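Enquirer: Throw the hints in and build the complete structure from the sequences for me.
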Amino acid sequence: MARNDLQGSLDLLVLKTLSQMGELHGYGIVLHIQRASDDLLSVEEGSLYPALHRMEQSGWIRSEWKMTETNRRAKFYRLTTAGQRELDRAVKSFDQLVRGIRAILRYA
Amino acid sequence: MSIVRRIANAFHRSKLDQEIDAELRSHIEMRTADNIAAGMPPDEARREALLRFGNRALVRERVASMDAEVILDAVARDLRYTMRQLRRAPGFTVTAVLTLALGVGANVVVFGVLNAVILRLVDVPQAAGLYNVVQRPHGYENQSYPDYADYRRLNSTFSDMAAYRLYSAGLSTGTSANKSWLYEVSCNYFDMLGAQPQLGRFFHASDERGPNSAPYIVLSDNFWRSRFNANRAIVGTTIEVNKHPFTIIGVAPSSFHGTDLFIWPDFWLPIVNEQQVEGYDFLSKRFNHGMWILGKLKSGVTPQQAEVNLNAVAGRLAKEFPDPDEGMGARLVKPGLMGEMLGDPARAFLSGVMLLALLVLIAACANLASIFAARTADRSRELAIRLAIGSSRWHVLRQVLGEAVAVSIIGGLMGTFLAAILLNALTRWQPFAEFPIHVTVTPDIRVYGVAALLSLASGLLFGLLPMRQLWRTSPIQVMKGGSSMAVFRPFSLRDLLLGIQIALCTLLVTASLVALRGMLRSWHAPLGFQPVGATLADTDLQMAGYSDDASLRVRKRMLEETSRIPGVTAVGLIDEAPLGGGGSSGPVYRPGTTDFRSTNSAFEAKFFSISPGYLEAAGTHLLMGRDFTWHDDAHSPRVALVNEAFAKGMFPTLSAVRLHFLMGDRLPYEIVGVVENGKYDSLTEATQPAIFFPFTQSAPSDTSLIVRSQSPAAEMVPALSRVLARIDPNLPFTIHSWPDALALVLFPARVATVALGVMGGLAAMLAVTGVFGMATYSVSKRIKELGIRMALGAQPVRVMGAALRRPLVLLFFGSVTGLILGIIASQLLAQIVYQATSRDPLVFAGVMTTMIVLGLVAISLPAHRALRIHPAGLLREE
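Protein chains in written order, with our numbering: chain A, -11 to 96; chain B, 2 to 879.
The reader is advised that the hints may include incorrect statements.
Unchecked claim - To spell it out: a stretch of chain A is covered by chain B in this simulated footprint if at least three of its residues, at any positions, have a beta carbon under 8 angstroms from a beta carbon of chain B; those stretches are:
1. 42 to 55
2. 61 to 68
Unchecked claim - Only part of the chain B face toward chain A is listed, based on derived beta-carbon distances under 8 angstroms:
3. 22
4. 34
5. 51
6. 53
7. 73
8. 686
Think of the hints as simulated: they come from the structure by calculation, not from any bench.
Note that the structure is a prediction, hence the values are computed from the model and not measured.
Every residue gets a Cβ at the ideal spot worked out from N, C-alpha and C, and that includes glycine.
Expert: Next comes the structure, spelled out in structure tokens:
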């Protein structure tokens, strides 16, 4: 069980978002996570960008400056093959975490 | 992931910051726009967007810091993996680390010495632009005081010039007299070097007002502490130097010891007072070359310009004073090693040893490269599997390279650590208690820098070779081929490496054997005297304040009293014992010469003053004529003994006895006898002409009493010191056996031999490990094949031969190549180590024996293993 901390969950959320939505900028990622989780999860914006930068440096995502629909310049992120692998791994380890916590809650 | 980009990011921090800022700004703008669309007033919309972000500068910092975190993470991961791999193969790791530690350690030690002796500037506050002004011909470094004064007055390229001279004198405080070492210096000396006293004051140019005008003395820190217990009240008091009163005016700082790297004098006093100390006035004698000139260049003047300028001055002086100064010229040399007296041989020797040390390192690298290559080959299956399941080649390579770098760092650290211990021990070691010599070779930042560079360079060198091998690894082939993938090619890079390694090792072994033989021979070379069985007592009557007449009487008494010591067979006196580092030389002229310019002389000859009986005490053979008697004195005709070289040089066809020659004083001397040639300055010198005068006719102040006896030196030394103390308790003297006294002369050869011996030993060890590794590997790779052959009935010996043929062939060719190289290289060695010659059958045989023994040692274990192969057991294993 590797790095099942909050940072790990943020990575998971970002990677999953990018795998579903294709290309997205930071602000779009925040909005998507909020919408998709029915407003249950809100990403702290101050933490998002360090995480994006780290994931980019680790080769999981790639970025490009582009124009938005509203004609603003923004940095768009896209998943790489390595990122897809990392997502699979993170999903698996998150499932384990959830199962583990469930099991404990059941017997507690 | 792009390491390059991350590193680039670290260097382009401002660009990264700008990009982060732009991204955050675009985020906030989008949020603001959405807020406005949701109905917020613009101000509040923006405020809300900013609030969500918190501190923007902090966010930017955190984004940027991710770079470092990612790098550290990756490095830590690689490091952990590397360490795990290395721990899993302890034999390999220990061999590799030790090999490298030895290679690097040897280099750091040699470079440490090289750095201290040749590269480091002299340790004075204003060292830039300092040069020794020496005479043009090599080997004649000293200058005369009048020449110094004229150079200083007439040159236009130096901001100042100072004169100094190393001398020993008796220093008496209260009751006892001790021999101490001092620098006689011109009074501007301290100011020119920019030194400041730690206590009291230094003397200045203004203190100099003619001969014996400045009876001041400045103590060195060490002498102040050891002799005066660091007593601050000592400044202002008076002490006696050779019975003349001098006032202590100051103490030099602890780091200051003048400009000679290894000389640490006890004190300094003005050169204008030299007559009181030496009892001889050289200040006015232009022909007396006994001191050094130190000059400080004006800023912007090159040494070449200064040399041209000084030579113009020398030309003027030569015209003005043709007798002593004809043909005079000047040269600038770096200060620190007593002109080039020490500098030339030290440079040549250290560069040679450095080269050998580098060869050792290269041999070590070759060894490491083949170990690593073997290891990579062994792991080819594991690596192939990792490649097959999707690991990138770059990733695998990085880990293999990581191992090489880890080994080089650990090995390098270990080698440097050992070297630092050795260098510090060398610094504490004081080989010559009687001389103010203190060799400081403590490693500095430059030494550590070179150590790091060497370790990493060698790490990359041997790490890169298996990389090539890895790059070509095809997973499918390896998996198909099973464990016997490493097909034995007819000739591989590994073989070449081992061949080179053995050749280098043989070269080093040859060089060290040549040096050792030379050293052994130099012990038995004819010296022109017999040190064994003789004891030497050095005194300086001047130090005890004797006049010439009185000293003659004291000398006679010394001879009489010591000859009565039981066991003594002969006693004699000489002013400076040959090979004692002193002695004078001067031009001699053929009979009938009228023009006494030095260019008109027959040759230069060494000259000594001896007493009757010296020849017998020293064991110098008289070949013709007679020895001196006590009747050869101030009232009888001037006589001399000369050596064979002198006799042959002056009178090639005649017997020299009864003939005359002239000295620089224009007086004729009659040759009464001819003695055997000898060594006077160094063991390696060419035969020099020499003259011996009776000391009753030319009284020197230095006296070496030579006592030959049948009793061992351990008994003679105390007996002799009792007798001498009885004659005059205030007479400073040092007594030792003559062989001990020669230690200084033999020191360079001894150091050379030890250094070469160590290098040769290291090389031999590397050769053993190299051949051993190769043979072991060769046996283990082919163990299945060998087992099958044995199962089919092959002779064990033939099987063993098949397995070990290759290492043996390499050993043979490597040794032969190395021996040839060694013989060529040894011709260089012959210039340093006396009597070293490479055309020596014993050396030849020695090298061959060494290599055969090393080869047998290295191969015996794997051979044993090959002989004991159990076919059945092997088959069961698979």
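Enquirer: Next, verify each hint and record whether it holds.
Expert: Against the structure, the hints come out as follows:
{"no.": "1", "hint": "42 to 55", "result": "holds (count 4)"}
{"no.": "2", "hint": "61 to 68", "result": "holds (count 3)"}
{"no.": "3", "hint": "22", "result": "violated, 11 angstroms"}
{"no.": "4", "hint": "34", "result": "holds, 7 angstroms"}
{"no.": "5", "hint": "51", "result": "violated, 10 angstroms"}
{"no.": "6", "hint": "53", "result": "holds, 5 angstroms"}
{"no.": "7", "hint": "73", "result": "violated, 12 angstroms"}
{"no.": "8", "hint": "686", "result": "violated, 70 angstroms"}
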